[in-house]
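**Student:** Using the sequences and the hints, build the whole thing.
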Amino acid sequence: MTKISTGAWVEIEQIVLKPEERAPSLPPETKAVPYVMRVSGFLAESAELGQEVTIHTLIGRELRGTLRVANPSYNHSFGETVPELLTIGTEAENF
Amino acid sequence: MTMHDTSYAAVMARKNAIMKQSLGIDYDDYIQSPIAFDYERMMAETSYTMDDIRRIQRETKVGDTPLFELRNLTAAVRRISEPGKGATILLKDEAANASGSFKARRAAISAYQALIKGYRGMIAATSGNYGAAVASQAAQRGLKSIIVQEVFDSRGVGQPEIVEKGRKCEAYGAEVIKLSVGPELFYMLLRTLEETGFFNASLYTPFGIRGVESLGYEIAEQVRARYGKDPDAVVITHAGGGNLTGTARGLLQAGCTESRIVACSVDLSGLHMASDRDFNRKAFTTGHTGFGVPFATWPDRVDVPRNAARSLRYMDEYQLVSQGEVFYITELLTKIEGIERGPAGNTSLTAAVTLARQMDEDQIVVVQETEYTGAGKHHNSQLAFARANGIEVRRGNPVDNVPGKAIVIPEHLAQVQGRVQDLDKLRRSYLKNAAERLPIAEWTDSDFEFLAADIKKDGEWVRNQGVA
Ligand SMILES: Cc1ncc(COP(=O)(O)O)c(C=O)c1O
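If you read the protein sequences in the order shown, they are chains A and B. Here the first sequence stands for residues 410 to 504, numbered as in my numbering. Here the second sequence stands for residues 290 to 757, numbered as in my numbering.
Rather than coming from a laboratory, the hints here were simulated on the basis of the structure. The beta carbon of each residue, even a glycine, is placed where N, CA and C say it ideally should be. Keep in mind that the hints are not guaranteed to be accurate.
Partial list, computed: chain A residues near chain B (C-beta under 10 Å) [what the hints assert, rightly or not]:
#1 Leu-426
#2 Ala-432
#3 Pro-433
#4 Ser-434
#5 Leu-435
#6 Leu-458
#7 Arg-473
#8 His-485
#9 Phe-487
#10 Asn-503
Facing chain B, according to a computed beta carbon distance under 10 Å, are these residues of chain A, among others [unchecked claim]:
#11 Met-410
#12 Thr-439
#13 Val-448
#14 Leu-467
#15 Gly-469
#16 Glu-489
#17 Leu-495
#18 Glu-502
Below, in silico cross-link-like pairs of lysine-lysine (BS3-like), each with a Cα-Cα straight-line distance of 27 Å or less [what the hints assert, rightly or not]:
#19 B:Lys-518 - B:Lys-309
#20 A:Lys-440 - B:Lys-694
#21 B:Lys-309 - B:Lys-406
#22 B:Lys-304 - A:Lys-427
#23 B:Lys-350 - B:Lys-406
#24 B:Lys-374 - B:Lys-624
#25 B:Lys-745 - B:Lys-714
#26 B:Lys-694 - B:Lys-721
#27 A:Lys-440 - B:Lys-304
**Tutor:** As structure tokens, this is what we get:
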């Protein structure tokens, strides 16, 4: 596995609460899974995915967790066209 | 740094101490009983005047947003209304605030307060827009910011709108703590406040709510200047209640005592807010009944000891709209008014169409906000995501909408009808919640007085309810 270099922008994951440590009175499907946190930051020391690492967040805070993603990115979009919307407000609908 | 027990129970038990240190407000000073507190004194002792608020907001690109007349939509509504009906629809373009929503008004005062009290940074737990607002205001005031946000379900999936809101917080330089589904968001907030000593930029402090007052005040000024009268109705997208509370208070301060205050939420009844499964079955991330109803019927369920956002104190009417209706109106706004705007403002716009149709032609209904739109935070993104997750999306009669199962987009404007929620029922539900905090037998005259004011009724009405 390739090492991710010191200073790279990465995302870590941490289990904040195990299912049995979670808040009382949750719906069963929520209670069954851990409470998980993900945070992005700069990698303090080069490491491989899955290792325990330290990051420095954008405000310089130090956080620890499992290295999950190198160069985390935003890929959200406008989504696949929903044709039902297209004719709203047009002549086709007699507007 | 001192080491603390960070278990759920231990952190929650330190709640009051953490709050006091992170806010600089001693709520004990205002609390009169398990129910009542001196709300007006708490608001007044923020010690900002309306002029102060507007000056502070102008410094950081907040406020003075345009008010548009939606001429084509008004004309379209008149075409489907009875003769003489069809009020003029106005839209306050709050997307023009730094960070793209009215939430900047709240964050602006919190950031200013954090700065003058010497905090190095501020933290907020939020569904998103407010996070972007806090990050943007913090950036302008030279403060650090941390946003605690519920983002993904146990599969690691977040709906496009939530992901976009997280991106925006990070874009302004915030540290974004992205969390899986659950009410433990509050626990994480407390932990992070304790670890950092930052200011608690809660959505529900008096500073935040007073920041929204300028929105109501500007509406009064702008409508009077252009139309020579007060607005007849102001429609307000409602979730946690700060938008409605602040706007209504601002209108009252400007002397608009006759304007009808109409709340509006997207109807998501049947979906559970703390459910890992339902999380991604909602096509709206705020402005829906999952927040709107519980917050109206018991405001003190938040991250501060007493909530400054108290919607039933100001609400005259509560309209519900379906997801499909809002998507229809969003598309219509784009096509016939030539502006693209995000979901929350379009929620109240949808209710405004219903109201305008019932109101007289010479009346004015104001939609008091818009929000920004873009990749992820867009009706096409949300609908495409819903469809990919097995939710039926089709054109038809919106009465066939089923939250979490079917989104039915109207075929004609005339099908946009919404529905009215029974306000007295909500008020009774509020009283029941109060009775759970303190048995009715122990309510004093001052509790009755507080409760009556808090639901916009008189003491007599409260005493005559089955619950009291
Ligand atoms: C743009 C926008 N409008 C309206 C609302 C609803 O405001 P409130 O939670 O104060 O009722 C929100 C809150 O999440 C929002 O982000």
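**Student:** All hints, please: hold or fail.
**Tutor:** Results of checking the hints against the structure:
no. : hint                  : in the structure
1   : Leu-426               : 6 Å, holds
2   : Ala-432               : 5 Å, holds
3   : Pro-433               : 9 Å, holds
4   : Ser-434               : 9 Å, holds
5   : Leu-435               : 6 Å, holds
6   : Leu-458               : 15 Å, violated
7   : Arg-473               : 13 Å, violated
8   : His-485               : 4 Å, holds
9   : Phe-487               : 5 Å, holds
10  : Asn-503               : 8 Å, holds
11  : Met-410               : 21 Å, violated
12  : Thr-439               : 4 Å, holds
13  : Val-448               : 6 Å, holds
14  : Leu-467               : 5 Å, holds
15  : Gly-469               : 8 Å, holds
16  : Glu-489               : 5 Å, holds
17  : Leu-495               : 8 Å, holds
18  : Glu-502               : 8 Å, holds
19  : B:Lys-518 - B:Lys-309 : 44 Å, violated
20  : A:Lys-440 - B:Lys-694 : 23 Å, holds
21  : B:Lys-309 - B:Lys-406 : 13 Å, holds
22  : B:Lys-304 - A:Lys-427 : 21 Å, holds
23  : B:Lys-350 - B:Lys-406 : 22 Å, holds
24  : B:Lys-374 - B:Lys-624 : 24 Å, holds
25  : B:Lys-745 - B:Lys-714 : 13 Å, holds
26  : B:Lys-694 - B:Lys-721 : 31 Å, violated
27  : A:Lys-440 - B:Lys-304 : 23 Å, holds
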